[in-house]
Structure formats: structure tokens, C-alpha cells
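**Student:** The lines below spell out each chain.
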Amino acid sequence: MTNSTILEMRGITKTFPGVKALEQVNLQVKRGDIHAICGENGAGKSTLMKVLSGVYPFGSYEGEVEYEGKECRFNGIHDSEKLGIVIIHQELALVPLLSIAENIFLGNEQASRGIINWDKVQRRAGELLKKVGLKEAPDTLITNIGTGKQQLVEIAKALAKDVKLLILDEPTASLSEKDSHALLDLLLEFKTQGITSIMISHKLNEIKRIADQITVIRDGKSIETMDKADITEDRIVTSMVGRALENRYPSRTPKIGETIFEVKNWSVYHPLNLERQVIKNVNLSVRKGEVVGIAGLMGAGRTELAMSVFGRTYGAKISGEVFLHGKPADTSNVGKAVAAGLAYATEDRKVYGLNLIDHIKHNVTIANLPGISSKSGVIDDNSEVKAANEYRKKTNIRSSSIYQITGNLSGGNQQKVVLSKWLFANPDVLILDEPTRGIDVGAKYEIYTIINKLAEEGKGILVISSEMPELLGICDRIYVLNEGRIVGELSGEEASQEKIMRAIVRGEEKVAS
Amino acid sequence: MSTETAPPVVNAAKASMQGAMKENLREYGLVLALVIIMVFFQVMTNGILFLPVNLTNVVLQNSYIIVMALGMLLVIVAGHIDLSVGAVAGFIGAVAALLMVDYGVNPLLAGLLCIALGAAIGGVQGYFIAYMKIPSFIVTLAGMLVFKGLLLNVLSGRSVGPFPPVFQLLSAGFIPDFLGPVTLVAPTLNAAGGPTPGTGIVLHSTTMLIGILIVAAMLYFALKSRRNREEHGYAAEPFSFFVVKNLVLSGIILFLMYKFASFKGLPNVLVVMGILIALFVFVTKRMTFGRRIYAMGGNEKAAKLSGIQTERLTFYIFVIMGMLAALAGLIYSARLNMATPKAGAGLELDVIAAVFVGGASALGGVGQVAGAVIGAFIMGVMNNGMGVMGINIDWQQVIKGLVLLGAVAFDLYNKKKA
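These protein sequence lines are chains A and B, in that order. Those letters in the first sequence? Residues 1 to 513, by the UniProt record's numbering. Those letters in the second sequence? Residues 1 to 418, by the UniProt record's numbering.
If you're looking for bench data, these hints aren't it; they were derived computationally from the structure. Every residue, glycine too, gets a C-beta built ideally from N, C-alpha and C. Please note: incorrect hints may appear among the correct ones.
[What the hints assert, rightly or not] If you anchor each label on the Cβ, the simulated ranges turn out as follows:
id, chain 1, residue 1, chain 2, residue 2, range
1, A, Ser383, B, Glu311, 23 to 31 Å
2, B, Met132, A, Gly133, 42 to 50 Å
3, B, Ile399, A, Val95, 33 to 41 Å
4, A, Gln90, B, Lys301, 18 to 26 Å
5, B, Asn46, A, Val95, 54 to 62 Å
6, B, Ala409, A, Asp139, 15 to 23 Å
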């Protein structure tokens, strides 16, 4: 091990009951590098990082971890943090009702003999926030700032611990393009200060932009490590899926019919702040067999629009009309919206989509229990098993059986369970909110294929996504939403990332004037 | 990964046998624990526990706990708690006493009025929990105080009783023997020519017949469902395992029924309990209503976005809980044969303990009716056994507390390992 190597993991093998999550994985990270780890969901990236940070203590895995030239045997996160290894998980570990400053020093309080020195807290928090480029006051509550800023607070928290090796698990998964950009710039700046970073990411363009080296993991094995010079998107993708993926978006010849879904003059106010209008007079339509996208930055009101339409699950003082098949539809609660033929697959599958402690079968049928039971409400076990198996096959859920607990599935497979749930409810119009967030290229392709198949069956599909290439790749038409207003409508052929961004910027000008 | 390689057939059979053992051990672990505890006390009490008269006593002593545990299971699976059930049961018992004893209302009518009142009480608490979104802990804590106070108020410090004899039958009666008794062993005669008590075995044949019918029905449905699964090509447990499991269960049922039959037959309250247990097993396992409770307890937000009307569901759960608390109050007062100002005090804790010993999760979404019932029996048998052994009430409390903690810790440990 040379002096330029800060971390070396050798022959890491980690087994869970019945599954080998990691098998003889090797990882070597150079000091001061940004090292990207990619791989499909369930490939074992997060498991590897948990071994490194001590979440899985020494003895629960095989192999060696060498950091700064010394072999490490961590018994918990505390041990690794003492050496300056800090991990930022995909799900942020912030306490919403505490302030930014309190969160930054959580578990690392600026105190002597248990008494907190608030002056020091304020001062140091201010310094750290400046470093990460956050202008908020240190005593702002976490719940009052957006996800992008929360991510920065997490990084400030890591800096407070004198981080030498920063591990980020999909840091930009829930950030807008602008925030992602800022975050990546920050990582590059840290690099000049000598902080080494390991970044798990699915976003190939980001990796290409900032990574010095890439290690690809597939099926629990380290496949290869590439240097910056060798990195091309094609090579990464090929290495990740084990085969060349020629087209990231499956092709489809649209067969578009009459309009089946319309939203007219839709206005929504914030549920807690009744003065604030979140959705402003939105009109949109979806035709039979059409895939329509909604583009927009984080906070543009895309999810709010979808949820307010779907059973008024968001917002207050909602006004406007919804039409399905040209007739006014009552979507005032979820039950009625589903009965009218509408479905909404959430952007946050863990919080709003799945019962994680229950198995696939029960999750698939829950939105359409009448479909498997008699009029008096008695469930027919056989038709339930049949339905669950059918949709497991249809959406290609990879699991041991329909009795696998959904909490143990990978992100992509969880997303397929959410889709199955709504497909089983047999809607005419599906609203898919970030259908591929946090899932890998292979699973994304499968989701796109399902979307295409649904369009071919004559359903109308509305896709909300933060990834513009995705919208451009699968949509026949794209609405651009900004600040709760539709600021542009582009056909699939004319749409481009540039045009979408221009519509957003122009929209902002309009709002400002 | 393992799905891609086809293991040799022999291995597969072995694995599924092991799998079935493992799965069933977890499922029937509670039954096993109950059996072990019963055998333990049988030895420690020199055989008193299994005496027909004592076994009947165990059922009577715990009937109202079990009735409430059924509702509490729904409440806990839904992610809530109900601290008011003991006070509500005591209050309803007092109302029943006033109606029947002071005003001479017909016992059946009074009973129905009381259960309706229980539903209303549950409804009011449910309204605050479901629609006003006040945590159930607070609402039912308030309810506990309110109904404890109202109990004192309506009784104004006295005890009211005795109840009409018809009403007492709810807790003290046994089902009539339509077929007539069957003498297995003739009792020895005493000097006066009458039978000596405690000798000989005379069977309550209706009870025995019911026991046989229950076992027959159980086997019939088990076989039917097994065949059904096989026809649809779904994996069933190995046949040998299936046979052993059902034989053991049948044996236990027949043994207990034989014990009841050799005393006075099935207690009325056990029949009521049996019907309620069967109903609740069916509702939680086979009906959409039950499924929705599990979905809501597992992830309320997801359930809501799946079209489940979580507010209404929560409301109904507390209405059901109120009705069961009322029924338990009737059983309790019928057993004491009077309503007292202290009736029902602390019962809610026994009920909640039974549900948790039975494997329910305090976080919601997990729990079985059968588990709650067995949990109640585990606590009940321990109460009874320790009482017979003459262990002081102070140590009884300590031991019961440790058993509750131990049972939940063991359950969590097992889940972590799996």
C-alpha cells in the first residue's frame, strides 16, 4: 500500500441469511480523489459502505479494511467517525424540529461536562454553513428548508466531525439540477482542500463530470475500476449491466387517441399557509395512449399538482375541474379518484407507497381489494395469489416469491410493486411521480418498457420527473411547470433540455415582473 | 440468486421440511410456551391445574380479559392503544346493575342497551382519535379518568347486586346437556348410599360431542384448504408435518373438552368467547376490513393513498373496542354478581399485556388474534397456577412483569435473527 492510497478494502465478503450480498469485493481509493461507485440497485454498494463505516461491525463480514495504512476493525459508526470517515446516507438523518445548528452538532455537541456552549455552537455553525454555501441562519428549523439545503446541512455536519473521507450515498437523488450542480461543485472544492470523497451515484453524467476513478459493482462483486481518462457512459453502463445497453429508452410508435383526462383551471393553496397559492390556474390534458411529461424544478409544484388532483391528498382551497373521458369526474377522495379511473404512484415509495413490513402479495392488492373479494368483503385467497403472481411476472419483480417482505426488496423492485399495485386497480390514467428515482439503469429500462406497454394498451400516462433526459426519452408531449404555473408545452419532437430550461427561466422572469 | 440453480430434488424436500418446521415453530411457538407453562404448573401444583374444576375456573377468570383482548388486538395492530377499557367495563357493569337491580329492566334488554352504550363510548373516543387526530393514548387516558369517575358517581359508593339469576348464567352457567350424562366410571358410594364427590367420571356428553364436531370441522377445512392449494400449484407444507400438526392440535382440543365434560360441561361464557374468537380470526384473516387494518397499521400514509378511508376505519375499530369492553363489563359483573366501585380497575393493563405477549408489535401492523388469545391464557394460567401454589400477590406481579418483558424481548430477538 503506497502513501497515496487512503483506503483499501480487500476481499470483503458479507452474507445475510440466504444471500451473499458481497463476494470478494476489492476497493482502492487514492488520497484526495473523488471516487465513484456505481452499480445496479441491489448490487451491494450500500452494503459495502456500511462495512466501511462500521454499521456492520468487524466480525460480521470477511476481509480486511485498511485505512491510512492501518488495518481497521470498527465496532460501530463511532469508531470510523473518530478516524474521519463520515457517511451521508441517502435518507437524510436530520431531526426536522431541531435547528440547523443543533443538527450539525448532533451527537457531537459543543459542550463541556454536558453543558452546551451556545455561543460556540452559533459561531461554528455559521462558519460551517459558509463553507457549504448555505445562507440560512443557523437557528432555522430543518423542516423549514428544502431537500437541497438539507443535503448541505448533512455535509456541514460531516465537516464538523473533521472529515477526511466523505462517503455520499446518492447525494443528488432528490435534488433539482441546479442544486445537484452546486453540490458537485462543493465536492470539487473539498478535493482542493484534501478531502477524499466516495460517491455512490446512478447519474452517469455527474460521475463523468467529477469522478477521478470509478469502481463498478455488479451482483456483489467488484467488476472493474476505471480512471477518469477511460470513462465513457457506454463503458460504465456496459460494465454495470454486464451487457451493452444500446438504447436507454425503449422505442415505441405512439398510437394516440382521443382526450381521456383533463384538468381545468386547477388552483391549490398551501395546506398550512392559506395565503400561499401553490398551483395557479393549471390546465392540462392527456390523450389515450399518450405519455405526457411534467418537467420543472424542485418546488415547482409538480407533486402538489398530482396529489391535489388525486383525491385531494394535498392542499387546501382547491378549485377547478377534472374530466375523465370528457365527463366531469369526482376525485374528492382517493376512493372516488380510483373509482373514476385515476391512479397515482408516489415519488416516495417508502413513505407513501408501500407497507414495508408486509409482503408483496398484500401490497399489490391493497388498492383494489374489491377485485379479489366477494361483495360482503370476504377475500378469496386463491384469486389474490393469482393476481399477485400475475403482476409479479408482468412487472418482472425479482423476489423469491410473492411472500417476500417489500422492505427487503431493492429500490427498483419496490418501485415495480408500487406499479403493480396501481396496475391491478386497472386505471385509465396513471400519474407516475418520479417513477425511476434512485433506481439503476437496468431497472429504469424495465420501468420505461412497462410505461410503453401501458400506453400501447390505450392508457393515458402522466410522468413527473426531475431528469430531463428521461422525459425527453419517453414522452410524446411535455408540460413545463414553474412556480405552480404551466409555462410551456412542447411536443416530443421539438422538446430539448435547452427549450425546457428556457421556458422555466422565462417563466421566472414573468413571475418576477 | 438461488432461484437460478435447480437444487437436487432430495435437497429440496429436506429444505422444505426444515422450512416448514422453522415457520411452524415461530407460528406455534406461543402454543408451545403455553403448553410448557401448563405442564410446569401441573407439576408444581401437584396436579391441581388440570383438575376439571380448576380448568373451568381458569376460563371463567380470564373470559373478560380475552373478550377485550380481541378488540385490543385490532386497536394495537392499527397502531393505537386503548387505556380506557378497564374503566369502561367497570362503568358498564354498574349501569347494568342499575338497570336490572334498581329499575328491574329485562336482563336481555339491559344487556343490549349496555353494549349499545359501549359502542357509543367507543364511538366518541374514536371520533376524537380518528377525526380530531388526538393521539389515542391521550384520548383513552382521559376516557379512563372520566369513566372511573362516572362509575363512582352512578354507584355513589355502594355495591349493587345481586343480579337476576338469568343474568348470572352468563358467567356462572354451563350449556345444558341435551344428550344426558354418560357415566364412564361409577362413583363410589358413601355410607348414606349417595355418590362420594370427586370419585368416578360422569361425562357431559353434549360437550364431548361439540368437541368432536369442532375437531372434525377443523380437519375438514384444513384438508380442503390444503387440497385447494395443491390444485392451484402452490407450495403446501410436507404431508407428514401436516398430519402431525393437526393430530397434536386435535389432541389438545379433545383433551380440554374431555376435562370440561367431566366437570359440568362447557361454560356459557366459553361458548360466547369461542364464537367471538372465530369471528375475529375470520375478520382479520379473510375480510377486507381486517386487511385494511393491517395495511393502515403498517403504513398509514400509504394506506390512505391506496384509497383506504383511514379515519373511518379507526373510528369503527374503537366502536368495536367499546362494544367488547361493554360485553366484558357484563361478564365481569355477572361473575362477581354485583357491581362495585372498584370493578375493572387495572384490567386494561392485563388486556394490553396479553396482546403484546401474543406477539403484536407496539408500532402497529403486526399481530394475530390467536396470538392475543394464547397470550391471555399464558398470563391467566400463570395467575391461576401461582395462586394455587400460594405465591404471594407481590411476587406474582413481579413474575408477570418479567414474563411480559421476556416474551417481547424473545420475540424481537427471534425476528432479528431471521
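**Student:** Now tell me if each hint is right for this structure.
**Tutor:** Evaluated hints:
no. : hint                               : result
1   : A/Ser383 with B/Glu311: 23 to 31 Å : 29 Å, holds
2   : B/Met132 with A/Gly133: 42 to 50 Å : 43 Å, holds
3   : B/Ile399 with A/Val95: 33 to 41 Å  : 39 Å, holds
4   : A/Gln90 with B/Lys301: 18 to 26 Å  : 19 Å, holds
5   : B/Asn46 with A/Val95: 54 to 62 Å   : 58 Å, holds
6   : B/Ala409 with A/Asp139: 15 to 23 Å : 41 Å, violated
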